[in-house]
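Enquirer: Chains as they are written, first to last, in the working numbering: chain A, 1 to 396; chain B, 1 to 113.
Keep in mind that a hint or two might mislead.
What the hints assert, rightly or not - Just some of the chain A residues that point at chain B, by a computed CB distance under 10 Å: (1) 39; (2) 40; (3) 182; (4) 210; (5) 211; (6) 277.
As the list claims (entries may be wrong) - Computed footprint of chain A on chain B, listed as stretches where at least three residues anywhere in the stretch have a Cβ under 8 Å from a Cβ of chain A: (7) 33-46; (8) 49-62; (9) 70-83; (10) 89-102.
To be clear, the hints were calculated from the coordinates, so they are not data collected in a lab. In this text, a Cβ means the ideal position worked out from N, Cα and C, and glycines have one as well.
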Amino acid sequence: MKDINFSRRDFLRTAGAVGLAAAFGGIPADIFAEGRRLYKFPEKTDLILLTSRPPQLETPLHYFKELITPNEALFVRWHLANIPTSVDLNKWRLMIGGNTDKALELSMDDLKKFEKVSFTAVIQCSGNGRSFFEPRAAGGQWQNGAMGNVTWSGARLKDILTQAGIKAGSVDVVFDGLDSGPLPKVPDFVKSLPLDKAVEDDIIIAYEMNGEPLTMLNGFPARLVVPGWYATYWVKALREITVVSKTYEEFWMNPAYRIPDTPCACVAPGSKPGKSVPITRMNTRSLIIEPAAAASLKVGRTVDIMGLAFSGGYSIKDVTVSVDGGNTWRESRFGKDMGKYSWIQWYYTWKPEKKGKYTLMARATNSIGESQPFESLWNPSGYMWNKIESIDVNVA
Amino acid sequence: MKIMFMLTAALFLSVMLMQHNAVSMEAANESAVKSIVLPAIDSDLKEGAGKDKVATYCNICHSPDYISMQPPFPADKWSAIVHKMIVVFGAPVNEADSRTIIDYLSSNYGTGK
Numbered sequence: 001m002k003d004i005n006f007s008r009r010d011f012l013r014t015a016g017a018v019g020l021a022a023a024f025g026g027i028p029a030d031i032f033a034e035g036r037r038l039y040k041f042p043e044k045t046d047l048i049l050l051t052s053r054p055p056q057l058e059t060p061l062h063y064f065k066e067l068i069t070p071n072e073a074l075f076v077r078w079h080l081a082n083i084p085t086s087v088d089l090n091k092w093r094l095m096i097g098g099n100t101d102k103a104l105e106l107s108m109d110d111l112k113k114f115e116k117v118s119f120t121a122v123i124q125c126s127g128n129g130r131s132f133f134e135p136r137a138a139g140g141q142w143q144n145g146a147m148g149n150v151t152w153s154g155a156r157l158k159d160i161l162t163q164a165g166i167k168a169g170s171v172d173v174v175f176d177g178l179d180s181g182p183l184p185k186v187p188d189f190v191k192s193l194p195l196d197k198a199v200e201d202d203i204i205i206a207y208e209m210n211g212e213p214l215t216m217l218n219g220f221p222a223r224l225v226v227p228g229w230y231a232t233y234w235v236k237a238l239r240e241i242t243v244v245s246k247t248y249e250e251f252w253m254n255p256a257y258r259i260p261d262t263p264c265a266c267v268a269p270g271s272k273p274g275k276s277v278p279i280t281r282m283n284t285r286s287l288i289i290e291p292a293a294a295a296s297l298k299v300g301r302t303v304d305i306m307g308l309a310f311s312g313g314y315s316i317k318d319v320t321v322s323v324d325g326g327n328t329w330r331e332s333r334f335g336k337d338m339g340k341y342s343w344i345q346w347y348y349t350w351k352p353e354k355k356g357k358y359t360l361m362a363r364a365t366n367s368i369g370e371s372q373p374f375e376s377l378w379n380p381s382g383y384m385w386n387k388i389e390s391i392d393v394n395v396a
Numbered sequence: 001m002k003i004m005f006m007l008t009a010a011l012f013l014s015v016m017l018m019q020h021n022a023v024s025m026e027a028a029n030e031s032a033v034k035s036i037v038l039p040a041i042d043s044d045l046k047e048g049a050g051k052d053k054v055a056t057y058c059n060i061c062h063s064p065d066y067i068s069m070q071p072p073f074p075a076d077k078w079s080a081i082v083h084k085m086i087v088v089f090g091a092p093v094n095e096a097d098s099r100t101i102i103d104y105l106s107s108n109y110g111t112g113k
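Build the full structure now, drawing on both the sequences and the hints.
Expert: Here's what the structure looks like:
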């Protein structure tokens with residue numbers, strides 16, 4: 001951490017003491033992004049501060065010009081206030097047990113003895129884009145920055161479970177991390193996967209992100225990676241994996257992190273769903289990164305419209321772009337293909353010929369035909385935002 | 001958590017000595033212990049009757065920005081949220097204080113409905 005960041009932090013602390021909420025006016029622009037407060041946490045760069053305890057930090061959009069999201073810029077989201085701030089790898093063990101032939105206690109060295117698997121995968125919070133829903137939903141008021149594209153490396157969960165020996169009659173696999181609540185009654189953050197999902201080849205216990213050990217705030221020393229599924233399953237700072245013989249239904253599986261059990265995972269805005277199911281696979285979405293919203297462009301000058309697109313485990317087939325508010329659509333070109341779990345960067349070259357205001361839109365479709373809606377699909381928790389993005393720019 | 005606490009305490013001095021580095025790796029045992037120090041961040045709530053109760057009880061589990069981040073909600077929504085904190089998360093708030101907290105939230109972070 002450089003000195004400048006400390007002085008910046010000290011300044012913020014002072015500013016806070018005199019009533020930061022009341023007047024943002026006197027604070028230099030460089031500690032804000034997209035009109036929101038920036039803050040630097042250990043091992044992280046300046047990120048948008050949603051909450052400090054437990055920390056929820058959002059990635060500023062400009063980092064998404066890069067194919068791979070730098071570790072220091074990846075978003076942070078914890079559920080419970082007591083988060084791990086110190087881990088001794090001499091003492092840390094990943095415990096595997098429950099409905100297994102034997103119990104395992106794996107050190108980091110043990111974990112690294114399993115075959116190492118690497119792939120690039122989007123990690124995205126279930127509530128990414130929550131602040132765009134109408135009516136508004138309670139929870140972390142994320143814009144588009146609760147996601148990132150990271151190369152994860154680690155051991156296959158399947159290989160570890162096979163070594164422990166999964167007993168007949170097993171139903172779910174349960175994951176618990178080092179975090180805990182400040183009061184005894186606070187439900188511990190524990191998530192589960194159905195056994196058939198848990199033993200898929202691409203589910204790993206990751207101990208590296210982009211070739212480096214995990215940052216503490218992103219789940220050091222090891223986290224679950226469930227590519228294609230929302231990050232709520234990607235349990236950080238793993239401590240214990242338990243195979244169980246009945247469906248696991250504690251708080252963070254039910255009633256938390258549920259979506260309406262309807263084909264669109266949506267209900268009429270403001271209404272209550274009848275039946276709900278756990279949120280699982282990510283839907284398809286795209287984002288325009290350049291030009292920025294409200295950008296000023298010049299008549300006759302070529303603009304490279306650029307963005308990203310991804311879906312929950314199916315490659316993106318096409319991204320079409322409209323520069324006239326959705327009347328006509330043209331196919332974009334793709335950047336490097338990093339596999340079906342990664343986002344793809346897309347480009348569309350445009351030369352505006354007339355002055356005026358233009359509405360740019362992008363719509364992605366994946367290999368099984370899943371696409372994006374023109375109107376948002378509402379659910380009470382504000383999950384799975386994937387409305388077709390639209391930005392206005394001015395040409396002069 | 002006891003072990004975590006002891007580790008944190010043991011590392012506190014070495015972290016303090018590292019002054020301008022909020023991340024420490026124990027040098028003696030290569031990369032065995034990793035520690036961070038979370039920044040202290042001020043965030044404050046609007047002045048109003050009941051703010052002290054909110055500061056006392058809500059802060060047990062989360063920083064005030066969890067409240068100030070939310071869009072304006074009607075009183076029944078704030079009431080549902082406060083009761084969830086009591087029933088599900090075990091916030092030790094009695095009935096009278098819960099009414100004070102709901103009134104504060106509805107007045108200062110509400111829709112006026």
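Enquirer: Against each hint, give a clear statement of whether it holds in the structure.
Expert: Outcome of the hint check:
1. Because the beta carbon of residue 39 (chain A) sits about 7 Å from the nearest beta carbon in chain B, less than 10 Å, this interface hint is met.
2. Interface restraint check: residue 40 (chain A) against chain B, minimum CB-CB distance 8 Å, threshold 10 Å, status holds.
3. About 5 Å separates the beta-carbon of residue 182 (chain A) from the nearest beta-carbon of chain B, less than 10 Å, and the hint is met.
4. Interface hint at residue 210 (chain A): violated, since its Cβ lies 17 Å from the closest Cβ of chain B, which is beyond the 10 Å cut-off.
5. Against a cut-off of 10 Å between C-beta atoms, the interface hint on residue 211 (chain A) is violated, since the closest Cβ of chain B lies about 15 Å away.
6. For residue 277 (chain A), the interface hint is violated, since its Cβ never comes within 10 Å of a Cβ in chain B; the closest pair sits about 20 Å apart.
7. A stretch counts as covered by a chain when three or more of its residues have a beta carbon under 8 Å from one of that chain; for the region 33-46 of chain B and chain A the count is 14, and the coverage holds.
8. Counting residues of the region 49-62 of chain B whose C-beta sits closer than 8 Å to any C-beta of chain A gives 3, which meets the bar of three, so the coverage hint holds.
9. Chain A is given as covering the region 70-83 of chain B, and this holds because 5 residues of the stretch bring a CB closer than 8 Å to a CB of that chain, at least three being needed.
10. Only residues whose C-beta sits within less than 8 Å of a C-beta in chain A count toward coverage, and the region 89-102 of chain B has 4 of them, enough to reach three; the restraint holds.
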